[in-house]
Each structure stands twice: as C-alpha cells, then as structure tokens.
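K.L.:
Listed below are the residues making up each chain.
2 protein chains.
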Amino acid sequence: MFERRDHEDDAMVIFQPHGRRGSFKKGTSILDAAKELGVDISSVCGGRGLCGKCKVKIVKGSDYLSPADPSELKFLTKEEIEAGYRLACCAKIFAPCEVLVLVPERSRVGKQRLQTEGFEVPVMRFNPAVRKYFIEMSPPTLENATFDDEMVIKALAQHYNLLDVDFHYEVLRFLPKVLRDSNWKITVTVWKNTIIDVEPGDTTNRCFGFACDIGSTKLAGFLMDLNTGKVLSVAARMNPQISYGEDILTRLTYVLLNGWKGLEDLQKAVVNGINEMIEECCEKAGVKPEEIYETVFVGNTAMMMYFLKIWPEFVAKSPFQPPRMGGVNLPAREAGIKCHPRANLYFLDTIGGWVGADNVANMIVTKLFDSEKLGMCIDVGTNTEIGIGCKATGVWYSSCASGPAFEGMMIKYGMRAADGAIEKIAIDPETLEPSYRVIGDTKPVGICGSGIVDIMAELFKSGIIDWSGRFNKELAERTRRIRLGPDGWEYVIAWKEETASGEHDIVFTQKDVREIQKAKAAIHAVASILCKLHNVTEKDINVLYVVGAFGNYIDPESARTIGMYPEVPIDRIKFVGNSAGTGARMALISVDEREYITKAIKEGRIRHFEIAAYPKFNDEYVSSMYLPHKDLKRFPETIELIIRLGTHPEIKRALELKA
Amino acid sequence: MFERRDHEDDAMVIFQPHGRRGSFKKGTSILDAAKELGVDISSVCGGRGLCGKCKVKIVKGSDYLSPADPSELKFLTKEEIEAGYRLACCAKIFAPCEVLVLVPERSRVGKQRLQTEGFEVPVMRFNPAVRKYFIEMSPPTLENATFDDEMVIKALAQHYNLLDVDFHYEVLRFLPKVLRDSNWKITVTVWKNTIIDVEPGDTTNRCFGFACDIGSTKLAGFLMDLNTGKVLSVAARMNPQISYGEDILTRLTYVLLNGWKGLEDLQKAVVNGINEMIEECCEKAGVKPEEIYETVFVGNTAMMMYFLKIWPEFVAKSPFQPPRMGGVNLPAREAGIKCHPRANLYFLDTIGGWVGADNVANMIVTKLFDSEKLGMCIDVGTNTEIGIGCKATGVWYSSCASGPAFEGMMIKYGMRAADGAIEKIAIDPETLEPSYRVIGDTKPVGICGSGIVDIMAELFKSGIIDWSGRFNKELAERTRRIRLGPDGWEYVIAWKEETASGEHDIVFTQKDVREIQKAKAAIHAVASILCKLHNVTEKDINVLYVVGAFGNYIDPESARTIGMYPEVPIDRIKFVGNSAGTGARMALISVDEREYITKAIKEGRIRHFEIAAYPKFNDEYVSSMYLPHKDLKRFPETIELIIRLGTHPEIKRALELKA
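Protein chains in written order, with the UniProt record's numbering: chain A, 1 to 659; chain B, 1 to 659.
It should be emphasised that the hints constitute simulated quantities derived from the structure, not laboratory data. One should not assume that every hint holds.
[Said to hold, decoys possible] To be clear about the criterion: a stretch of chain A counts as covered by chain B if any three or more of its residues have a C-beta under 8 Å from a C-beta of chain B, and this derived list gives those stretches:
(1) 73-83
(2) 131-142
(3) 146-154
(4) 558-571
(5) 603-616
[What the hints assert, rightly or not] Taking lysine-lysine and the DSS-like style, the derived pairs with C-alpha atoms no more than 30 Å apart in a straight line are:
(6) A:Lys132 x B:Lys602
(7) B:Lys185 x A:Lys317
(8) A:Lys57 x A:Lys633
(9) A:Lys338 x B:Lys268
[To be verified] Coverage of chain B stretches by chain A, computed from C-beta distances (three or more under 8 Å per stretch; other residues unrestricted):
(10) 296-310
(11) 313-321
(12) 607-613
Computed from a predicted model, the values in this text were never measured in an experiment. Backbone N, C-alpha and C define an ideal beta-carbon position, used for all residues, glycine too.
Take these sequences, add in the hints, and give me the full structure.
P.N.:
This is the structure:
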C-alpha cells in the first residue's frame, strides 16, 4: 500500500475493502480516483450521473467532498443518505485530507458470470469421508501366517488407531496380489469404515472428491483435493435435461408420459453433463477420474428425484409429500458417475416440497438455524425458495414458482445471461433516457434477468409505470421512447440502430411488466407469509442472504424498490453466490457438516411450509402485485425516495388520504 | 406302540430308537423280528452270519437270547462284546421276556444317499437377518404431510419397535408408487437394519432364504422358510467346476493359466449349478426365486475364493496364508445368484489354509470349542479336514490331501456312489467269500468309497493282506479269488457273470490297497499330530464327529480297523451327516450363530495348524501306512480281534517280540 501525496493540496483517498490508496487533486471524482487505482466501481452511464449505479459509502472524510445536490440525491434512499452513501461520479474531492471509501459489493463491476463462485466458509471440522493410509508390513512366515485381510486391518489399527474397519468385498479379490506385488507396502483407501481400495506403494497424496450442484438450468462442478480441502478446478454446463423440458414440471410431464424409461432418460442426460464436467475438471487439474473417491450432490427435490430415479409424480400433487427426508448414500457407479469404481455418492437431504438439497446446502453455508438474529435466505430462479428464521424460531422454508421470467422467458426481448444481454440499466427520471451495460460489451441483443429487475425498478422510479404497473400514457409526450406497440404500451430501451441485429428496437412492454409483477408478487407473498408464521415483520429481518448464481447479479436495490425483496437495509443484504455449490463442497470435506445439517432437519429446526396450505395466499399475492406493495408502509425507504422524486402523484395522494 | 403278546411263551422285543415292539416266538432271530416290525437293520449277507453288519446292542434281556458262539464273536471287538453287542441275525429269542434292542445308526440300511441330510441342531436363538413387517398408515394430508420414507420409518418404530432402520436407495425409487397404489398398507422387508423391499398389502408369510454347501464335488442346497426356520425343499448337484478340474488344485491351475477370466469361468460354472438348485427348490416348494431374501454359503477356502472371485494363487504356496478371515457379506446379485435383487449373500468365515467355511459350519453344529470334553471332528473327502479340541484347549484344525481315492479315483474299479456301486462288503474269514450290497440293488459296476473302506478292513481282518498292506500269496491256495492279475495281486469281489457289464471281474488290486493306505495314512497322521499339539492321545478323545456326506456312509468300524479313524469307542462316534449344510442353515436362520462363531475364531478358540510346518509329518505318515498302525498299542481293540481271529501271525509275532 503506497502513499503518494504529490501535493499539499491533494487528498488521500483510500478504498476498502481493496486497500488501494492514492493521492488526488482537488476536483477529482471518487469514480475517477477509483479508475486510476484500478478499483472497480460499476458505472452504466459512464460517470455522467445518470444511472445511479456507482454508489459508495464515505466512511471518513465526507466533509471534504463536494456536497450532494438533488440530481445526485434522487438516486439515494433516505437511509443511504443517512448512512453516508454518495454517487462516486458526483462526489468530488473538495479539500486536502484523508477520505475512506467503502465500495459495496453491488457496486462492483468485475464479477464474471461464473455461477460457480460462492464465498468461502470454513467447515466446522475438516473431516472428509475418504482417507488414505500408507502401511508397510513384514511378509508372513510359516510361523506367523494369519490372513491377508487381518494383517491389513491390524496394521491400520496399530499405526493409525483405526478401529472397526472392514473390506469392501471387491477389494478382497485383488488384495492378495497387491500385497505380494508391492512387497507388503500398500496404500489403503478408507471411506468411513470401509476399505474401498488397496494400491501398491504410497499414493496417499492422490485423494480427490467431486462436489456438484445440479441446477434445473445449470450444473456446477468442483474437483477438490481431499487432503487439503482445496478446490483444484471447476466446470459448468447447461443441464442436458433441458432437451426434455425447460423446467422441472415439463420434465415431470415427460416422465409421466414415458414411465420409468422417461426417468432413465432424464437421469442419463444429467449424468452425461456431470461426467463431462468431471472429465474437464480432471483434465485441468491433472487428476484421473478413478482418483475421485467420493462425490457429493445437491439440487432441488425434482433434480434429486430425476437424478436418483425416484418416481417423482406425487411431489407435484397435494399434499406434495416428497419421497425422502435424509441424505442418500449409494455407489456412484450405480448412478453412472465416472469416478473410482467404489466411490460413494452422497445426495444431501430434502427440506420439503420442492425445497431440496440445494437449500440444505445453503443452510450449511449460512447456518441460519443457528443464528442469534432473524434472517432470510432467498434463492431466486424459475422456482424461488425462501427460508426465514433463526435459532430461537427455527427456519421455515417455502417455495413458489416465480416462473421463468427472470430467465428471460415470457419477456419479449428476454434472454439468458450471455454476450449481448443488457444486464444493468438505469433511466434518468428527468430525461427518461436509459443508460445500460451489455454483457461482453457488445451491441445489445436482449435483456437478461438482472437487467429485467433493473428496468422494472427504473420504469417505476421514473414514473413511467405507476404503482399498479400500468404505463403512464401521459409520459409519451415527454419522450418517443414511450409508445404504443403491437403488444400494448412499451418503453424503447435501444433503438434498432444500436442493437446487434439492427432489425428491431429492443423494448420492454406492458405484458413484460405484468410478467415480472406476477413473478415478484409470488416471491414477496411467500416471504410475507413466512414472516407471519414467525410473528415477525420484514423490519425484524436482520440479514438477507441472497443465494444462487442469479441472485448475485440482481441489483438488490432494484429488487427492493419493486417490492421483490422485503425492505431490508441494503447493508444487511449479503451475496452468497452459488452457496448450493459451496455447501456441497463443505459437505464433501466434512462429514460433520453432513451430520449436523441432517440432525437439524430431523429435529425440526429447518422445516418446510406448504404455501398451498395457507388460505390467504391469494390476498398476499394480490397485495404484492403492486409496486412496491399495496401496503405502502412496508416500504418506507422506497416510498420516501419516490415522494422525493415526485414521480408518483397517485402514491402521494394515497398517503395523504391515509393520513 | 402296540403290545401284542400272542403266546405266553413269546418274548416282547422292543427296538430303540424306533420304539417299535412286538411279540415273537422262541427261536426268532432279532433280525427277523426287526424285519417283521419294519425296523431296518443292515444285512449284506442276507442274515447268514457272514458279513457282521447287523450289529445291535442288547440293552436289556441278553440273558433271554441264544448265547453268542465264536462264529458270531469273530465279528465283535472286545469292547463291543463287553458292551452287549450281538449280530442280530445270530441272536435268537430263547425265553419269554422283554428284550430291549438298540439299533445303532451304522447298522441301519434305510439312509438314502442324499448328501443333503444332516442331524438337526437347534440354534441358540431363532434370529434370521431378514424379517417382514406389515404396516398400515393413514394417507398424509396438507396439514400433516412429511416424507414418504419418514412415515414408513416411524411406523416401523411405533408398531414394531424397530429403531435405526434406513432404506436401501433402490427402494426409494418405487416407494412413492407402492405407498399410494396400496393405499398406504405395505409390507416392509428388512435385512439387518436396511429396508430392502416394500410391497403392497401383507406378504409377511412369504419370506424365504437359501443355504448352500459348495463342496468341491457336490453342491447341496436348502430352501428355508424364514418365518418358521423349516426346510421347505432341498436339491443337489455335481459342482459344475469339475469340468475345469476334478479337484481344487487342478482348478487352481486353470486359474493360473487363464487369469481373471479363468476365475470368472469357475465362478460362473458353480453359480449355474447353484441357480439350478434354487430353481428346483423353488419349484418344489411353490416359492419364487425373488422371494429369497438371503443366501448363506459355506465351502472350503478354495470354493470360497472361486465363488467370490478372490485371487487364489497364494493359499497354495508357503506360507499358505488365506486372503480373508471373517465372513463376507455382499449383494447376492453381484455373484449372479438368482434371488431377490437386493438379497444379501453371506459366506462364512475361514479357519486357515484350506480349512474354510464348511468346517466353520461344522463348528456351528458341533460347538466343539465349547465342549467340556475333548472331541474330534473329521470330514473325509479328497481333502480331509480334522479338528481336535474342547473348551479348555480351543480347537486346532488341519487338513491334508487324502486324495480322490475315496471318491473312487485311482482305484481300478472305483466309482462314485451311484447305482451299481458296491457300498458295503464283508469277507468271511474262513471261506474268504464276500457278501456285498450294491446301491440300487442292481448288478455291480464298481466299488464306491464306503465299499472301498470296507474291503480294506475286510481284506485285512481276513488276513488276505498283512499289516504292511501286502497280499498274502499263500492264501491263493484257499480260494481262486486271490490271484495274480495284470496289476499285481488282486482279490475278486465279483465274477464277471455277476456284474452289470458282464465283461470283466470286479477286483481290488494291490495298487488299490496302496492308494488307500496312502490316503488313510495322511488322515491318521494329521489326527495324531493334532493330538500331540494338545498333549493328548486318542484315548482322550471323547467323541468323534464324522461330518460330511461321505463320512455318513463309511462304516466307522472299518475305518477304525484299517487305522483311518483313531480307536475311539464305537459308541462315541457320532454321524453328523452333511453338517456343513446344517451349519449353513443354522447361520441362515440365526445371526447369533454367525456372530458367535466369528467371535470364537477371532478370539483364537478355533485355529488352524499348518501341517507343512510340522517337521515330523513324514514319520507319522509312514507309521500310519501300516494297518492299522505301526504302533500296535494304539489300536488295542482291533488287535485283540485280529489275534482272536488268528489271521495275522506276523502281528502275533510282533507282539510276542515286544513282550
């Protein structure tokens, strides 16, 4: 960390959490200082104060920056203002001194769209199920001959204090040969209490495992070294089951139409993807698949059933009872996985309904059920799972079909997150002009999930849609971007000349708005109901864990503004990333973690609530359709900003009526 | 039991153990009385007092029978005379009274040559590893829905107090369907703690198991009802591995020449035979193979390795260390056995060297290692295994290659026990004429194992061969049955006109005698050495268990006379029959028996002694070549009879020299 104050008049700017610092002249914006130091701060509009995405928190030295003016403040909620947030592009150095700037995660741009990442959480105890032991024995003589297997078992007890181990019967077959070929110096591979391999010589450093998150859409795989607990390589694939159906219910239909053969097809499809990932990971890391001695899998209930070939029909029918509560151990080869012939496969537990092992993995990472303070865990996708609770209350989990809208389905120009997808967007409330960023920095092709959430928030904040989600036709007078199209009113994000194909404008339509309203209403309704079950409100939620690859890219502020997330202080929103994958990895290297979570579920500390059993779901749903919510008191920060922006007279009137 | 004394002068004769009784006139022989009452007593010569095979013990009333004369006494040893034995054909009712006659097992003729039988021994506790439970549950509702598997596990705990059970993963696949198709009334099949099946409705009475003895030559299979512990049907086959080699070492050579493929060939061969037996047993009993939920196997170490495909090479090389001590559990389907898809296969423990699970089974039946008094257990075959010991000393086991002579191999007209085989034979010491019985009562084809042992004894007792095994040429003057043939001196058992083929006389040659001398010498040497290890002599042996199908048919008196068995009092020789099969059945219906024997072996209470490690084996062997033994003091009863018969002047001289 260098100190470089060139001039007496310069200020020292220090960026956290990076730790980078530098000396800058008066008049330099924080955003420019960051660029100079290589600190990445998101900016969609190019630093022109139009998108509001470059928010930073001034921890120290706010008095030495230019004061915020209304054009900046319109992007900041009251709490943010009180907490010292500024737009980095607008906050300029005013006087020499030290300025300490915290760049929150959501303002960072540099995240790659690898759904494989997640934050690292240490396991309670490093304790993989597989271990290797090297033993050297003296060849038997006529005087002391006993049995090949007994010699090995005794040596393990004597040198490593391993008791109650026994051989997998297959290993007995070649044990006599390996012992003599190796001159009685062998490496024994033990899974729990079973000897699953013997090899000549010392191979103890070659002990690997594979953790995998089977998402409905994406697979993520991690090759790990079971001696060190480190990730050696990662891989990702689209879930090949997509060719049998985009979502889990379409795939279920495929099974119902094709019986056990259909279930086999689904299983073979996903196993192909998994094995490709294994090969890729092994290639990258210089590991052979036969050196993978255990595989751990997570996925929702449907993924579990399609993978283990469990008849899935009844989870989709009332009372939606899943087949299996606890984790499942089986020989990996029985599932067709490419790894050691006697490797174990462990699929984590199920919480209930469609809330499955992927959320169990989330619980391993967040340990919400052990938390002193109330928290919420949300995994947004085609199905969204939400868990709310803490140690005192236990955690209740529910899920809803938020629909594929966040994946880009059902949205006119919706698409998956790939090159050409608009991933971030802001609309200037005055000019109603958009600024956006495209994945891959190419010309835009369409808009992906995070961009969709953004545009909903921006359309709302700027008043283009009212709180019921209806386009304000009057604003058509202010810009030709608001117009009547073939599907109703629409907002033009990009004129066709700007786009990649050049064939059509990229718009967001009234129908698109309704789709997102429905999706976010389902999610919010579930969150509300879970709070009611706990006799708490959103105000009591201390931390909101956003898990899942998708959640990583959704701007939490946008999600909050439209009423998808409850109004939890932004500071308390934690991005966990692909915590399903993280949890799978933790379970792989720690049997303690597996047992601990199984125990928590068995003891009822993590439970499922069947939303369909809640009589007032529809009421909650309808109220949640509003932006942000029919009950405005539930989103005070957002409403305060809206009022300040002056873009929603109908809201102002509603409040005045209530008062 | 009827009392029918027709005449005051009649005697009441009661036969034990049958309990049959009847009233008979003076002058009736015990043999005729027996025939009248349907009590079977062996007679080879047709009641003419020529074969000595109809021995019975007069428990009460010996004074009321005709006195024994020398022509009868020449068949009885001193101890037999003292114990009250008579030839049933010679002992005639003399006076009215009650006569109680005990017919010892060896004098009974009615035994079928099914090697499947063995005596029944109650298990320490009826405790099969598989049990079925019928449970009725209420369908879940939205209010109380949990998990399919949890409902079953809870119901088992609640209604049957079964704790810590879990599902085999495969059962989870169809569990949801079975539950709903059956309206939540199912039968759960549990093996130890694992649920291996669920079926609609109540099938609890359909629970079966299969026990099997894999002999080198013969397979024996038993289908059992695991609810009752009863045998439902039995089957037998020649071991198909014979086509790869007559004996275990020839088969080993096949493996060494053909590698793992060779081992697979052997395994497939025996499994074919086993599955045929299963089909036959199932057909006879009206059971489906899929209703067999566990299979238990025994066999010697070679049979174990060829069946489980364990590399067998090194058991045949010094220090002869076997691969596996304890029992082996594996999925039966992995061995290709035709039964329930998730049935377990249990192969019993190994004692050491070639002494394997078949002798472990013998120990389950005889519990020699728990016996207060010293005992011996002998299993005669191509390999003979002998165990000697008691509770205080533990049991030592050894084996020797007695060779296939007892199977009829290497004997000129030797054959396996089948129709046409001479199975019992006696030679009148005066006329030197034979009486014999043929299996199937057909014309003779050859002579089988029991007949071979008999003829050795008879040739010896009658003096046709001397104690060194050499033919006495002088006796050729007394009968043309003793003559010089192409292979040296020989005794004609049957003239060609009497035989089935009519093409050649059936003879027993000098070479044949040598073969049997070698075979019995190996056996007796092993027994001697084991006694020496224990610091005991044959006199201390309280009971001799003759196990194995073959041993059932050998006349123990003949075996003792030639010095194959040690001179244990005839009363104390117990026929256990196919105790390997019995022990396998006991292990099948009682896990306690499995654990108890494993514990005994692990604690060293049943141990193996490697005969090859005994330096003086050759000395013992050579001494044991003599008939009955070089050291005459070891066979006092036999010698006393020989002296009384006056057929061995060389022995008489040897004794006088010693005195």
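K.L.:
With reference to the structure, classify each hint as holding or not holding.
P.N.:
Cross-check of the supplied hints:
1. 73-83: violated (count 0)
2. 131-142: holds (count 3)
3. 146-154: Satisfied; 5 residues make the cut.
4. 558-571: Not satisfied, violated; 0 residues make the cut.
5. 603-616: This one holds; 3 residues, not fewer than the three required, reach chain B with a Cβ under 8 Å.
6. A:Lys132 x B:Lys602: The hint holds at about 26 Å.
7. B:Lys185 x A:Lys317: 20 Å, holds
8. A:Lys57 x A:Lys633: 26 Å, holds
9. A:Lys338 x B:Lys268: With Cα atoms ~27 Å apart, Lys338 of chain A and Lys268 of chain B stay inside 30 Å; holds.
10. 296-310: With 3 residues close enough to chain A, the hint holds.
11. 313-321: holds (count 6)
12. 607-613: holds (count 3)
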